[in-house]
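Protein chains: 4
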Amino acid sequence: MSGKLKMGMVGGGEGSFIGAVHRMAANLDGEIALVSGAFSSSAEKSKRSGEALYLEPSRIYGSYEEMIKTEKTLPEGERIDIVSIVTPNHMHYGPAKMALENGFHVICDKPVAFSLAEARELEELVKKTGLIFALTHNYTGYPMVKEAREMVKSGKLGKIRKVIAEYPQGWLSTKVEDSDHKQASWRTDPTRSGVSGCMGDIGSHAENLAEYITGLKMQEISADLSIMVDGRLLDDDGSVLVRFDNGAKGILFASQIAAGEENELKIRVYGEKGGLEWLQSDPNTLIVKWLDKPKEILRTGAGYTYFSEAAQKATRLPGGHPEGYLEAFANIYLNFAKAVRAHKNNQTIDPVDSDFPTIEDGVRGMMFIEAVVASSNENSKWLEFGGN
Amino acid sequence: MSGKLKMGMVGGGEGSFIGAVHRMAANLDGEIALVSGAFSSSAEKSKRSGEALYLEPSRIYGSYEEMIKTEKTLPEGERIDIVSIVTPNHMHYGPAKMALENGFHVICDKPVAFSLAEARELEELVKKTGLIFALTHNYTGYPMVKEAREMVKSGKLGKIRKVIAEYPQGWLSTKVEDSDHKQASWRTDPTRSGVSGCMGDIGSHAENLAEYITGLKMQEISADLSIMVDGRLLDDDGSVLVRFDNGAKGILFASQIAAGEENELKIRVYGEKGGLEWLQSDPNTLIVKWLDKPKEILRTGAGYTYFSEAAQKATRLPGGHPEGYLEAFANIYLNFAKAVRAHKNNQTIDPVDSDFPTIEDGVRGMMFIEAVVASSNENSKWLEFGGN
Amino acid sequence: MSGKLKMGMVGGGEGSFIGAVHRMAANLDGEIALVSGAFSSSAEKSKRSGEALYLEPSRIYGSYEEMIKTEKTLPEGERIDIVSIVTPNHMHYGPAKMALENGFHVICDKPVAFSLAEARELEELVKKTGLIFALTHNYTGYPMVKEAREMVKSGKLGKIRKVIAEYPQGWLSTKVEDSDHKQASWRTDPTRSGVSGCMGDIGSHAENLAEYITGLKMQEISADLSIMVDGRLLDDDGSVLVRFDNGAKGILFASQIAAGEENELKIRVYGEKGGLEWLQSDPNTLIVKWLDKPKEILRTGAGYTYFSEAAQKATRLPGGHPEGYLEAFANIYLNFAKAVRAHKNNQTIDPVDSDFPTIEDGVRGMMFIEAVVASSNENSKWLEFGGN
Amino acid sequence: MSGKLKMGMVGGGEGSFIGAVHRMAANLDGEIALVSGAFSSSAEKSKRSGEALYLEPSRIYGSYEEMIKTEKTLPEGERIDIVSIVTPNHMHYGPAKMALENGFHVICDKPVAFSLAEARELEELVKKTGLIFALTHNYTGYPMVKEAREMVKSGKLGKIRKVIAEYPQGWLSTKVEDSDHKQASWRTDPTRSGVSGCMGDIGSHAENLAEYITGLKMQEISADLSIMVDGRLLDDDGSVLVRFDNGAKGILFASQIAAGEENELKIRVYGEKGGLEWLQSDPNTLIVKWLDKPKEILRTGAGYTYFSEAAQKATRLPGGHPEGYLEAFANIYLNFAKAVRAHKNNQTIDPVDSDFPTIEDGVRGMMFIEAVVASSNENSKWLEFGGN
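Chains as they are written, first to last, in UniProt numbering: chain A, 1 to 388; chain B, 1 to 388; chain C, 1 to 388; chain D, 1 to 388.
Chain A extracted, bound-state conformation:
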C-alpha cells in the first residue's frame, strides 16, 4: 500500500450519502488509500464509522482539528497527503482552510463554501500555498461531458448561440425535511446550506456544467426562484435566463419539486453548425446534431478513431460497459491524485490529466448562487454575474 496516496476524510460518517460516494470514488482506481478520518462531530460516531471502514483506531479522530493537527506530526509516507471534505456546506470552509494552512491538499464537496466571501478566502489560500484543491462537481468527470467540451472547443459546432441546462429532481415535492431525513434536513436549512436551496445544491451543478462544456462565461442572469412547498425556508425551484459573454443566450433551470424526476441533469448546446445533448441519466451517450446530416450517437468507450484524448482518458472500459456516477466521480479523484502526485514529485502534469474542477469553479459557483438569489429578490432584474 505504501505507494498509494493517503487520505483523511472530514464528515461522511454513518448515514451520510456523499461520504460513501467519495470513498467509493477514491477506492475505485486503487490510487488512494483512506487511512484516517474525522467522520462526525460526535467522537463516538466517528470511531464507529472509522472502524466499519477497517481503519486503524489510532487514526480515527473526533474532530477535523484533531485530525489535521495529529496527522501533521506523523512522518511523511505515513501521514495523510489529502483531506477530503464531505460535510454540509457550512462546514466546508473551516476544515479546508485548516488543511491548506497545514500543507494538505484538499478535495471538497460542492458548493465550495457557505458564501462567496468564504470561497474567495479559500481561493486566496490556494493561490498562496500552491496546494492542489479539487471541487467535486462530479458531472464534469463523465467521459461524454469531456467529449462535448472538446467538440465545442474544436469549433465543429461553430459559434455557440444557445445553451439550455436543466436539473429537475422531485424528491422535495413534499416537506420531507419534517421527517427524519438527513439529506433534506440540512439542504433546506439556511443555517447549513446558505442563501439558496435548490439553486445552491443542483443549480450550481448546471451552471458549472454549462460553463465547462461551452467554455463560455455567464455574464448576466435574470432569475425567478420559488418556494413551492409551504413552510420551506429556501428555494426549491428556480428558472434563470442567461446571457453569455459571447452573445449566446441561455436558460438554466433547476427544481426539487419536479415530481417524479430523479436527477435529470441535461444540457443542450446549439452552435451555428450543429448542436449537442447530454443527459446524466444516460451518461454514456452524447447526441450530436447537424444541420444537414443525421444525428450521431456517440458512446463512451466506442472505438471511433477521433475520440478526444480527454474522453478516452476518462474511460475505463470498452464501449458497451456502462460507466456511471461513481466512475465519473472517481475521475475527479483520479485526476486530483495525479495532480497531487505531480506536486509531490515537483513534476508538471498534462492538463488532460489534471482536468478537475478547482477553487475557481468554486468561486464562480458561489457567484452564481448569490447572483440568482439577488436577481430573484429584485423581480428577476438582469444582474451581472458576480457583480451583485
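No lab work stands behind these hints, which were simulated from the structure alone.
Among the hints, erroneous ones may be present.
What the hints assert, rightly or not - Here are the simulated lysine-lysine pairs, DSS-like style, with alpha carbons at most 25 Å apart:
(1) A:Lys-47 <-> D:Lys-4
(2) C:Lys-6 <-> B:Lys-47
(3) B:Lys-128 <-> B:Lys-72
(4) C:Lys-182 <-> D:Lys-273
(5) B:Lys-313 <-> C:Lys-6
(6) D:Lys-273 <-> B:Lys-293
(7) B:Lys-156 <-> D:Lys-293
(8) C:Lys-175 <-> D:Lys-69
(9) C:Lys-4 <-> B:Lys-47
(10) C:Lys-381 <-> A:Lys-293
(11) D:Lys-293 <-> B:Lys-293
(12) A:Lys-273 <-> B:Lys-182
(13) D:Lys-4 <-> B:Lys-293
(14) A:Lys-175 <-> B:Lys-273
Said to hold, decoys possible - Just so you have them, the derived chain C footprint on chain D, three or more residues with Cβ under 8 Å:
(15) 252-260
(16) 288-294
All residues carry an ideal CB built from backbone N, CA and C; glycine is no exception.
Since the structure of chain A is already known, use the hints to place chains B, C and D on it.
Same frame as chain A, now just chains B, C and D:
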C-alpha cells in the same frame, strides 16, 4: 358525396406546405369534400392547383373575394359550407372576415391574425354571427395531449406547480430566406408574419399547448428574444419566464436556430403529486411520473380501461398503430366538421366532440405574441399577459 | 371528383378495423374516391355501412358478386376502377378472382389467400389479365423502410450476414376470442384464418419486411410454433430460424402472447460494414450502425441531401411531423393508384412510383406460412422455403 | 487494512481488460484488499504489473503455483483469503483446482472452464472442500436484474411463456484477431477458448441471465451456429431455440458480427399476466408490461416502497445516480466477500447476501456451450440440455 360537408380553400396552391396538410387532414375521415378554392393570388396558378386536385374548373377562383361571392349564390347543398384559410398570417383576417360576414364557417391556420387588434375584431364577428371558427393549433388534436389535459383536470397530479413548454427547431440556423425558400421567406418577413418570427410561428403553439393541458392561464411573462442570424428581421429564438394564474411557474422557449432539431415541441407539467411529459416527435406516448411509484408509459389506443373519452374519441386505431401529425390535424377538422354539422342541424353537441381551438385561443395567442415582444423590448420586464 | 379513381370495397362494414384503415388510406391523398361497396354479407348491414360513408344508395350492394356484376355494366368514367378487398382471409380469393376476371384492378389485404394453392391461382390470373394487384403489406410503405432497403441495395452495409425480424404483440394473451371480439374471433379460427394464426397474421408481415429490406430470399426455415393459451386452435407464438439465399442467417419470431406488447414489429440487419434497425412503433427513425463511427439516426423527411428517391417520394411532410401507420398504408394505395392510372393510360411507370407489394409477395407469404407450419409439425426440421 | 479480506490474483497483467475490471470491482466497496498476484506467465511482466498496483514486491509471483504455495505458508491474517482467476478459459481449471485444494476461496471469470468435464471436477471439489466459489456472470449483479428475478418469483407475471435473450456485439465483424488484439486473439482460438467462440463468451451470459431471472431451466435446445468471417475457427454468431422445463419457449441469440453493436445484452420475459424487459446498456431501467394497464418504468434506487430486498441491497446510490457495469461486477465481489467472511466466522448468511453465481451456474454454462455446439453440428437437432 352529397352528404359530405363542402369546403373551399383560400391559399395552399402549388408549393405550399400547409395547404397540403389541411387538405389531407380534411380528406382523412371522409366527412369533408374539397370542392372549391382560391389557391393563389395568381388566377392561373390557382386554376392549375385546383385542377391538380380534380376540382370542377368552375369552382376554382382567382381570389377569395370571388370565391365567397360566387359560392354564396349557389344553392344550398351545392355551395360550400366551410372556408379553410391557409395563407400567410397577414392574409388571414381578410378572408376570415368576409367568410364570416357571408355566413360561412371558418377554419384558419395559426396564428389567427397579423395583430391582436385583428384577432379581437374576428372574435367579435364570430360572437355576432354565431358561426363556427376553428384555429388549427393542431398539436391539441393529439390523443395523448387530450389525455394529459384530462389527467390534470382530474386532479391526479395535484395542484400544478411548474410547467416547461419548449419548441426547438433548427431550420433557420442559416439565412435560408435569402435563397428560394417559400416557407422561410414569409415567416421571417415582418410585413407578412407580424411583430414576431419564432415566437409567433411556434412559440404560440407552445403557449396554446401549455394552457390547453394545464387549464391554467399565463398571467405574467418576462421574455428575452433574439435574432441570432445576422441580417434577419424577426426573432429566431426566445426564452420566456411565466407566472400562471394559480401561482405555478413556467418556462417557455422556442427556437428556430437550435441546430439539428426538427420539431421537438415538448411539454412537462409537474403537480404536487405527479408529473407528465409529452413530446411531439413521439406523440403516441404520454409519460406520467409519480412521487413514489414507477413512471407509467401511456400509449395512444391502448386498451386501458380508464382512458379518457376525449383521448379515445381522438384515436382511430388500436394501440401500436402510430398516429401522427396528420391524424392530429385531422382531429381538428373532424371536430370542426361535427360542430358545423350540429350548427346546420340546430343541434347541440357534446363538448368532447367540439373540442378544437377557437377564436378565443387565437386571441390569447396574439396576446402572447405581442406581450413577449414588448417584454423583450423592455429588457425582459415582467408584463401582464395581454396587458401591454 | 371526376378525375379521381373510383373504388368499390368488399367487406369492411360496421365494426371492421381494417376496412376503416383502407378507407382512410385511400382518402388521404385525394386520388381515389370510394363510390361503391359490398360491405357485409348482410345486405342490410352493407346498406347501413355505405350510407354512413355518404355513398349513393344505388351503389351499395349486398354481395361482391352483385357489386362486380352491376358495376361492370356502368359506363366507363362512372363505374369503379378498383376493387378493395378487406374481408377475413378465407374471403379474399373469391372476390379477387371475380374482380380480375371482370377487368377490375385489385388491392387486397394480407395474407393474400387462405392457402398457397389459392394464391398461386391468383398469381396466374394476374399474369394473364395484366391487371394491377396490390397486397397491403403496409409496413413496406414507411419511408424509412424504403430508405433501409435502398441502403442495403447500395452496398453501404456490405454483404448481409444476419437478419432479425420480430413482431411481438400481447393482445391474445388471454382467450379473448371467447368473448365478443370480432378481430380475435376470426383470426384464431382455422376455418377463416387458414393453417396458421400468429404466423399467418403477423409472422408473414415480418417475413415480407425482411425480404423487402434485404433483397434476400429465405431459403430454408426451421420453426417451433406454440399454442400458449389453452383451448386455442391456432398458433399464437412462433420462432423461426432462417437461412437466406446468400448465406446470411436469420431469426424471425412473432407472438400474440407477448403480454404488454402492442405491435413491436422490428427488424435488424447486419452486414459486413454496418447494420440498421427499424421499429414500427417509432417508424420515422432508422438507426444506422457502423463499425468504427457513431450510430446515425435517420429521420423521415429530414433534409439530408442523400436520402433515397424512394424514401422521399413516400414522405408527405418535412422532418419533425410524425407520419404514421395510415400514411404508410396510404403509400401503398397511392402507388397502386399511380400504377392503375398508368395502366389506364397505357403508360409505363417509374418503378419507384409503383413500389408496392404484389401478388408475388402474396405467394411468398403463403409459402412462408405453410412452410413454418410444416416444419413445426416435424419438430423444427429444416425445410426448403416453399418446398414442402 | 487489517480487517479487509486479502486477495491474490491470477492473470490480469498489463493490457488485460478483465483483470482491471476485477480489481476495480474488488476495490469499490473497500471490503477486499489486493495484496498479491501472479499476473502473467512472464515473471518479469508479473512483477511490473504488481508494482504498478503498489503491491509489496515479495507478494508478486511468477506463477500461480508459486503464489498459492508461498501464500499458504504465511500466517493467517497476513496470507490471502481469496484467489481471483482472470486468465483465458483454458487457464481457469488449473489455478482454481490448486486454490481449492489449498484452502483458498475462489472467484473466477466465466465460462468456468475449458470443458464441461473440467467444470464438473471443480464442482466436486467445491462440494468436497466447502469453500466459497463465485463465478463472475456479472450481469446478474445488476439491481434491476435482481428485481426482475424477484418479480417473476412473486408470480406477478403469471406463468412464464416466452423468453427472449440476446447478446449482439459487433467487435468481431472483421478479422481483428489477425492484428495485435489480445482479446480477439484468445477468444477466437479453440486452444484457449474451448469448443465455442461467441456462444462460450457471450451466449453463456445470456443463458445464465435467462435462467437466473426466470428461475426456469432450459430443457432442450436447437442451435444454428455460424462462422461469418472467413478463416475464423470458432463460431462468431449463433441462434438457439429453447424449450424450458415449464413448457415456456425461448429464443437465445448471440453475435459478435452484429456490426455496430456494443454489448446489447437484453432479455424479455413474458408471462400470462405481464412481461418484463431489461437491457444492459440501460441497466438501471426495468420495463414492466401489463395486459391492461400502462407499462411501468422501474429505476434502480428509486424510492418505491415495494422494491425487493435483493434489488435494494445491490444498490449503492439513490435513484438518478447511474450505476454501471463495475458496480454490478462489484456486487458479485461484495456478496462473495460476505460469504467468505461468514465462512471464516462459521456463520450462516442470508441468501440475499450470498446471491452470486456459483459453480453450479458454471456447470450449466458449460452444458449449454457443449449442447449448442453439438446441436448445430447435427443441423439444429433438438438436444436435451446437458444431455449430449
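Hints, verified against the model:
A hinted pair counts as satisfied when its Cα atoms are at most 25 Å apart, and Lys-47 (chain A) with Lys-4 (chain D) qualifies at roughly 17 Å. This hinted pair checks out: Lys-6 (chain C) and Lys-47 (chain B) have alpha carbons roughly 23 Å apart, not beyond 25 Å. Between Lys-128 (chain B) and Lys-72 (chain B), the direct Cα distance comes to roughly 19 Å. Compliance with the 25 Å bound is thereby established for this hinted pair. As the CA atoms of Lys-182 (chain C) and Lys-273 (chain D) are separated by approximately 22 Å, the hinted pair is consistent with the 25 Å bound.
For the suggested pair Lys-313 (chain B) and Lys-6 (chain C), the alpha carbons sit about 29 Å apart, so the restraint of at most 25 Å is broken. At roughly 20 Å between alpha-carbon atoms, Lys-273 (chain D) and Lys-293 (chain B) fall within 25 Å of each other, so this suggested pair holds. Taking the CA atoms of Lys-156 (chain B) and Lys-293 (chain D), the gap is near 16 Å; set against the 25 Å cutoff, the hint holds. At most 25 Å may separate the alpha-carbon atoms for a hinted pair to count; Lys-175 (chain C) and Lys-69 (chain D) exceed this at roughly 65 Å.
Taking the CA atoms of Lys-4 (chain C) and Lys-47 (chain B), the gap is about 17 Å. The hint holds against a cut of 25 Å. In summary, the hint linking Lys-381 (chain C) to Lys-293 (chain A) is not supported, as the alpha carbons are separated by about 46 Å, beyond the 25 Å threshold. For the given pair, Lys-293 (chain D) sits about 14 Å from Lys-293 (chain B) by alpha-carbon distance, which is consistent with the 25 Å threshold. Under the criterion of a C-alpha separation no larger than 25 Å, the hint pairing Lys-273 (chain A) with Lys-182 (chain B) is consistent with the structure, at around 22 Å.
Taking the CA atoms of Lys-4 (chain D) and Lys-293 (chain B), the gap is about 38 Å. The hint is violated against a cut of 25 Å. For a cut-off of 25 Å, the pair hint linking Lys-175 (chain A) to Lys-273 (chain B) stands: about 12 Å separates their Cα positions. Counting residues of the stretch 252-260 of chain D whose C-beta sits closer than 8 Å to any C-beta of chain C gives 6, which meets the bar of three, so the coverage hint holds. With 4 residues bearing a CB less than 8 Å from a CB of chain C, the stretch 288-294 of chain D meets the requirement of three and the coverage assertion stands.
In this structure, the hints that do not hold are numbers 5, 8, 10, 13, in rising order.
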